[in-house]
Amino acid sequence: MILKTKGKPWRIDEPIIGRVAFDAADDAEILIVQDIVPDDLRRYKAILTSHDIDTSIDKAAVYAIPGFGHLSAGDIVVVNSDGVINTQYRIDSTHNFLLFTERCNSNCLMCSQPPRDKDDTGYFYNIYSQVIPLIPKECAELGITGGEPTLLGGLFFKLLEQIQHQLPDTEVHCLTNGRSFAWDGFAKRLGDMSFKRLMLGIPLYSDFNLLHDYVVQGDGAFEQTVQGLYNLAKYDVRIELRIVLHKPTISRLNKLSKFIYKNLPFVEHVAFMGLENQGYTPHNFDKLWIDPVEYGDDLAEAMMYLSDHGMNVSLYNSQLCVTPEEIWQFSRRSISDWKNIYLDKCEGCTVSEECGGFFSSNLVKHSLGIRALR
Amino acid sequence: MVKIADPVHEKKTRKFQDLNYYSSKHQSDYYLLPFRFHRISEEREVMVNEIGDCLIVPKGTAARVIERNVCVADDPELYGDLIANFFISTTPVPELLNVLSTRYRTKKSFLDNFTSLHIFVISLRCEHTCHYCQVSRVTSDKHMYDMNQYHIDEGIKLMMQSPSPYVTMEFQGGEALLAFENIKYAVERTKQEAIRYEKTITYVICTNLAPLTDEILVYCKENNILISTSLDGPEFIHNKNRHKPNNNSYQLAVDGIMKCRSVLGEDNVSALLTTTNLSLQYPKEIVDEYVNLGFRNIFLRPISPYGFATRSATKNKYDASLFLTFYKKALDRIIEYNLKGYFIREDYASIILKKMLTPFPVGYVDLQSPAGIINSVIVFNYDGKIYASDEARMLAEMQDFTFQLGVLGEHSYSEIFYGDKASGLTAVLANESLAGCADCAFQSYCGADPIYNWATQGDMYGHRPTSSFCQRNMEIIRYIIELMDSDKRIERIFRNWITGKS
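Residue numbers (this note's numbering), protein chains in the order written: chain B, 29 to 402; chain C, 6 to 507.
It should be emphasised that the hints constitute simulated quantities derived from the structure, not laboratory data. Any given hint could be a false lead.
What the hints assert, rightly or not - Here are the simulated distance ranges between beta carbons: (1) B:Glu375 with C:Thr207: 55 to 63 Å; (2) C:Lys493 with B:Pro310: 34 to 42 Å; (3) B:Asp147 with C:Thr96: 31 to 39 Å; (4) C:Glu487 with B:Glu382: 36 to 44 Å; (5) C:Asp272 with B:Gln194: 43 to 51 Å; (6) C:Phe406 with B:Gly213: 52 to 60 Å; (7) B:Arg399 with C:Glu290: 48 to 56 Å; (8) C:Ser491 with B:Lys373: 37 to 45 Å; (9) C:Lys345 with B:Arg399: 45 to 53 Å; (10) B:Lys186 with C:Thr96: 32 to 40 Å; (11) B:Ile30 with C:Asp272: 52 to 60 Å; (12) C:Lys345 with B:Lys373: 36 to 44 Å; (13) B:Lys165 with C:Tyr26: 43 to 51 Å; (14) B:Arg225 with C:Ala440: 49 to 57 Å.
Stated by the list, open to error - List of simulated lysine-lysine pairs, PhoX-like, C-alpha gap at most 20 Å: (15) B:Lys315 with C:Lys20; (16) B:Lys393 with B:Lys367; (17) C:Lys112 with B:Lys262.
Heads up, the beta-carbon is just placed ideally off N, CA and C, and yes, glycines get one too.
Please model the entire structure based on the sequences and the hints provided.
Written out as structure tokens, the structure reads:
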């Protein structure tokens, strides 16, 4: 799936944000011109076209774009001054994410979206404060991700407030490492919003602080995260815990489950997640990789423990053929549609409809136990 | 804030710290958090922290921890367990101190709503003459031995003043059903008051089921009244224990249980076992009986040292050790059934397991600290006298009025619940401050029972080394831990008992 394209920019000084239309009759901010240029372009902020430059048109534009096959009418894009056009919201997808910043205060060994040390927070705030009003009210689900979204500070709350008020029916899922909420005032500010359709997805990799800190590469991160979780619970913010399954933490997985039940029984959902071979992961592969067939029993024990105690658990990014049948019931097809693939080996598998499938990045590395079930 | 990573495209500068970097922060000059420990077998011991979380470890581990002989390099697993379970800390005050305090408050949150169980001794009359009966019983003179409407009204008034939004109204006897008209009066009266005071009320009738009629069952069904009865085991034990002129107590109880189940539903009728000298010889037969009758739980209760029970010494005074032998045999039998796939739970073990394995409070009056008396339960006797617990009124039947708190209609809520008698007990209500309990590893799983101490040892403070309460609970708790530690399958069964999953 292509989320980005590029052409020759013309008269673009700052990023232009808007919905795209192929038909001049549609309600949109940006027009895609494929054949004849309409006479009246006044109501558009920009035009995008595959034609070559036509300087007679007095309008911000990007010319010579290779194709528009990846765009649908109503998709929201950012047209940058360098001619790069990024898709921010796809109208036909249920997996839309707003990447609030690429900065992060953690540096997790398996980060799939490695952080960049550049202050992009103003840039992204500018974009999203314009994107959010354009998102259709029918949008069922919207993700917020990063980097670490809370690093936007006050702007983080401003964007959340915009979402809360302009998308009153949308379920919002925000991925954060939770460390900022160790500061009580930060958690309280979120609690004061009473944003009931917001769920925070917060990772916790081990019950032993040393291991969690090692995985996220941050001194004191465990205590900050757990403190953050307590503060969020105090202010009645909904929480999901996310546990990535990798070598350094598997041996204490069952103990982590017990820690969660005893110390964090207020969390609404616990998601166990297979490793995505992307971002930093290939670099740290030797430290991280453990074949799912090797941790199946540990995973089943940890998940059954939480489930038996009435907690809501899910398994993401896993393949049924390497997962104990006891916990198939928790397996969800969660990989974003544009990343989800199956292998040649999966041909003819009778349960592939229920199977979580693979990240496209898993083509290179996946369990040796993968096979078609019949 | 930690170091921010370098941009992803500059791969050469991407730096990650290895595990040793983080391990180096964990030296053996760690700080100890409060915990207690106890030997559970020749090889194993248990360490229990202030919030009741436990670690079962090889013998000598507690000593090694205290002597700072555990280090992360040699013992990563144990060291991790100690840190993660709040036994040690790398800082003098643990970073997550408020997690600990929240956990502690949660464990004690049964106190938040104060007294919720209100026992109404609706009549002292009974047609049974059980030799172990903890109260005296009378067969005649309805007017003298039934609770009168004035006292019922006054009891309800007090119950409505409970701070708890959820209260339980339990009707006991004698045989409560002999005064069914009084129960009906009390229920109807309470229903109106409950709306006024915004309370949710659970009704329970404790009965031997002999006087059960269809009319009573219909009424219980209509009003969601739970039935609690007694079943001491197979016919030959039950009839001997629970004597009735025609010797058909067992048949009446079993028929009654079946009827209650079909009308009220299986979950709304429960049976209790009282262990007599005779029962001690038949642990397997008793468990089998419960299984044969389709029960999913059994409560192995020792006999109380009160009332008539203590008068027939030959029949009912037995050593804690005899009860423990019985208990273990019965528990083993129960576990055997579970291993074979039949779910049946032992309630006393389940209560202890809940305290051990969950972060939540357990509202069981006999194993509570501060003690359940007054804090959780109050008893209104048939004659209007108010007692601190069911056991307290049994003592009163033996002319010992030490734990009488007042009289219905004469004393106010605060005089009864916060008066001199009640506050005089505070020093002996918390096992955290009782010699012998204060340093016991099982403190958080056990409770304080000043009335038991008074009845058996003549003082409320009690002497733990000679207390049968202490001997019994210490050994049951130890045994449960040993079983759980010795066999993964039993651990799973125990977990199922507290989660209800089979």
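Going down the list of hints, with the structure as the test:
The hinted range of 55 to 63 Å is satisfied by Glu375 of chain B and Thr207 of chain C, whose Cβ atoms lie roughly 59 Å apart. Taking 34 to 42 Å as the suggested C-beta distance range, the pair Lys493 of chain C and Pro310 of chain B conforms, at roughly 38 Å. Checked against the hint of 31 to 39 Å, the pair Asp147 of chain B and Thr96 of chain C passes, with Cβ atoms roughly 33 Å apart. In this structure the hint that Glu487 of chain C and Glu382 of chain B lie 36 to 44 Å apart at CB holds, the actual value being about 43 Å.
Separation of Asp272 of chain C from Gln194 of chain B is about 48 Å and conforms to the stated range, judged on CB atoms against 43 to 51 Å. Taking the beta carbon of each, Phe406 of chain C and Gly213 of chain B are about 57 Å apart, inside 52 to 60 Å as hinted. In this structure the supplied range 48 to 56 Å holds for Arg399 of chain B paired with Glu290 of chain C, their Cβ-Cβ distance being about 53 Å. Range check, Ser491 of chain C to Lys373 of chain B: about 43 Å between beta-carbon atoms, so the 37 to 45 Å window is met.
Checked against the given bound of 45 to 53 Å, the beta carbons of Lys345 of chain C and Arg399 of chain B, roughly 35 Å apart, lie outside it. Between Lys186 of chain B and Thr96 of chain C the CB atoms are about 36 Å apart, so this pair conforms to the stated range of 32 to 40 Å. Separation of Ile30 of chain B from Asp272 of chain C is about 58 Å and conforms to the stated range, judged on CB atoms against 52 to 60 Å. Taking 36 to 44 Å as the suggested C-beta distance range, the pair Lys345 of chain C and Lys373 of chain B conforms, at roughly 41 Å.
In this structure the hint that Lys165 of chain B and Tyr26 of chain C lie 43 to 51 Å apart at CB holds, the actual value being about 49 Å. The given range of 49 to 57 Å is respected by Arg225 of chain B and Ala440 of chain C, whose C-beta atoms sit roughly 55 Å from each other. For the hint linking Lys315 of chain B to Lys20 of chain C, the alpha-carbon distance of about 14 Å falls within 20 Å, and the restraint holds. A distance of roughly 15 Å separates the Cα atoms of Lys393 of chain B and Lys367 of chain B; the hinted pair therefore holds under the 20 Å criterion.
Between Lys112 of chain C and Lys262 of chain B, the direct Cα distance comes to roughly 17 Å. Compliance with the 20 Å bound is thereby established for this hinted pair.
In the structure shown, a violation is registered for the earlier hint numbered 9 alone.
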